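Below are the chains, spelled out letter by letter.
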Amino acid sequence: MSRPLTTKLTRLALLATAGLALFLFESLIPRPLPWIKPGLSQIATLIALYVYGWRESLAVVVLRVGLAALLTGSFAGPGFWLALPAGVTAVLVMAAARSAGGRSLSIAGVSMIGALTHNLTQLALVRLFYVRSSEIWTLLPLVWLPALFTGLAVGLAARLLIDFSRRMSLDWGTNPDGVE
Amino acid sequence: MPLISSPERAAPAVRRPLLTQADKWLLGLGLIIGLLLSALLLPGRERGREVLIEARGRLFVRAYLDTPARYEVPGPLGTTVVEVREGAVRVISSPCPEKHCVRSGAVRRQGGLIVCVPNRVIVRIPGHIGGSLDMITE
Numbered sequence: 049m050s051r052p053l054t055t056k057l058t059r060l061a062l063l064a065t066a067g068l069a070l071f072l073f074e075s076l077i078p079r080p081l082p083w084i085k086p087g088l089s090q091i092a093t094l095i096a097l098y099v100y101g102w103r104e105s106l107a108v109v110v111l112r113v114g115l116a117a118l119l120t121g122s123f124a125g126p127g128f129w130l131a132l133p134a135g136v137t138a139v140l141v142m143a144a145a146r147s148a149g150g151r152s153l154s155i156a157g158v159s160m161i162g163a164l165t166h167n168l169t170q171l172a173l174v175r176l177f178y179v180r181s182s183e184i185w186t187l188l189p190l191v192w193l194p195a196l197f198t199g200l201a202v203g204l205a206a207r208l209l210i211d212f213s214r215r216m217s218l219d220w221g222t223n224p225d226g227v228e
Numbered sequence: 066m067p068l069i070s071s072p073e074r075a076a077p078a079v080r081r082p083l084l085t086q087a088d089k090w091l092l093g094l095g096l097i098i099g100l101l102l103s104a105l106l107l108p109g110r111e112r113g114r115e116v117l118i119e120a121r122g123r124l125f126v127r128a129y130l131d132t133p134a135r136y137e138v139p140g141p142l143g144t145t146v147v148e149v150r151e152g153a154v155r156v157i158s159s160p161c162p163e164k165h166c167v168r169s170g171a172v173r174r175q176g177g178l179i180v181c182v183p184n185r186v187i188v189r190i191p192g193h194i195g196g197s198l199d200m201i202t203e
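Protein chains in written order, with my numbering: chain V, 49 to 228; chain P, 66 to 203.
FYI, nobody ran anything at the bench for these hints, they're computed from the structure.
Remember, predicted model here, so these are calculated numbers, not experimental data.
All C-beta atoms in this analysis are idealised placements derived from N, C-alpha and C, irrespective of residue type, glycine included.
Don't take every hint at face value.
Unchecked claim - Here are the computed distance ranges between Cβ atoms for each label pair:
| # | chain 1 | residue 1 | chain 2 | residue 2 | range |
| --- | --- | --- | --- | --- | --- |
| 1 | P | Arg121 | V | Pro133 | 31 to 39 Å |
| 2 | V | Leu53 | P | Val126 | 53 to 61 Å |
| 3 | V | Val136 | P | Glu148 | 22 to 30 Å |
| 4 | P | Glu137 | V | Arg103 | 26 to 34 Å |
| 5 | V | Phe212 | P | Glu137 | 50 to 58 Å |
| 6 | V | Arg51 | P | Gly122 | 32 to 40 Å |
| 7 | P | Gly152 | V | Leu208 | 33 to 41 Å |
| 8 | V | Leu53 | P | Pro139 | 27 to 35 Å |
| 9 | P | Trp90 | V | Phe123 | 16 to 24 Å |
Said to hold, decoys possible - From chain P, some residues computed to sit far from chain V (all C-beta separations above 10 Å):
| # | residue |
| --- | --- |
| 10 | Arg81 |
| 11 | Phe125 |
| 12 | Val126 |
| 13 | Tyr136 |
| 14 | Glu151 |
| 15 | Glu163 |
| 16 | Arg185 |
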């Protein structure tokens, strides 16, 4: 295996682990409102999306959700089946928004779109499979507004970290597939 | 070998602003939509009269908010205890790991909702969704 590819795989593994650590850390923070989550682990997802591409980002998300479920003992439980589709949909929509937005939309904007997508997907899944009544939509404004701001914060954090890695001349390895 | 092998795919240039014009428009649009949604969808001022407790997707009990009672609702993880008191309903204990339902506190208005996804318990106060819309149009 070539060295740049090894570097890339190592970086991706570290990103998935960093996402996992952030996720577990976040679950320890007491939250005033249960449906508001900062989504710190998406910092790792976004970095993977911007440094490599949507496939790599998807891998980071799936690894994180899977490992988190194994560690918290909720594998294949309802939480898992909400987190996995939401994470996957968010990555796909963010990748689409990134290529559609081109240079005018920055990582912060893409991250806001991702956070909204993530929460809307979860709410829609709850609506479809758990609460089969329209009362669930009373939660929509409660997840929409926080997502806007957490998405913004997460996007800016990812941006600063990517800029920092470039200033430090961090070697991200290669992207031989030429994905994106 | 260059230290960053694919700079064209790597980070956005350091000089670019943190928020572009499009980001700001997006944020503004998101805020407007969020506020509209709040006005339309948040539970209204009207107190609810009855409360429905659903377990595993089926109606478990239909109760009145002015009748104090305690219900032990069975779910896949165990028993969720729901209490009706002083015109409000709350989940007072639940076997689920995250306890979102307990921390949701008491609901008393029409459209009010407590959901415990892991134990598949739903407590809702039926009624007209968009009570706040009436408030605006009054």
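Evaluation of the provided hints:
1. The supplied range of 31 to 39 Å is broken by arginine 121 (chain P) and proline 133 (chain V), whose beta-carbon atoms lie about 21 Å from each other.
2. A hinted range of 53 to 61 Å for the beta carbons of leucine 53 (chain V) and valine 126 (chain P) is consistent with their spacing of about 60 Å.
3. Hint check: valine 136 (chain V) to glutamate 148 (chain P), Cβ distance near 38 Å, so the stated range 22 to 30 Å is violated.
4. Between glutamate 137 (chain P) and arginine 103 (chain V) the Cβ separation comes to about 48 Å, which falls outside the hinted range of 26 to 34 Å.
5. Under the hint 50 to 58 Å, the C-beta atoms of phenylalanine 212 (chain V) and glutamate 137 (chain P), about 54 Å apart, fit the expected range.
6. In this structure the hint that arginine 51 (chain V) and glycine 122 (chain P) lie 32 to 40 Å apart at CB is violated, the actual value being about 54 Å.
7. A C-beta distance of roughly 49 Å is found between glycine 152 (chain P) and leucine 208 (chain V), which places it outside the suggested range of 33 to 41 Å.
8. Leucine 53 (chain V) and proline 139 (chain P) have their C-beta atoms about 53 Å apart, which leaves the hinted 27 to 35 Å range violated.
9. In this structure the hint that tryptophan 90 (chain P) and phenylalanine 123 (chain V) lie 16 to 24 Å apart at CB is violated, the actual value being about 41 Å.
10. Against the 10 Å criterion, arginine 81 (chain P) falls within the reach of chain V, whose nearest CB is about 7 Å from its own CB.
11. The Cβ of phenylalanine 125 (chain P) sits about 14 Å from the closest Cβ of chain V, beyond the 10 Å cut-off, so the non-interface label holds.
12. Listed as a non-interface residue, valine 126 (chain P) keeps its Cβ farther than 10 Å from every Cβ of chain V; the least gap is roughly 16 Å.
13. Distance check on tyrosine 136 (chain P): its Cβ is at least 18 Å (rounded) from any Cβ of chain V, clearing the 10 Å threshold; non-interface status holds.
14. Every beta carbon of chain V lies more than 10 Å from that of glutamate 151 (chain P), the smallest distance being close to 21 Å; the non-interface claim holds.
15. Look at glutamate 163 (chain P): its CB is around 7 Å from the nearest CB on chain V, not clear of 10 Å, so calling it non-interface is violated.
16. The Cβ of arginine 185 (chain P) does not lie farther than 10 Å from every Cβ of chain V; its closest approach is about 7 Å, which violates its non-interface assignment.
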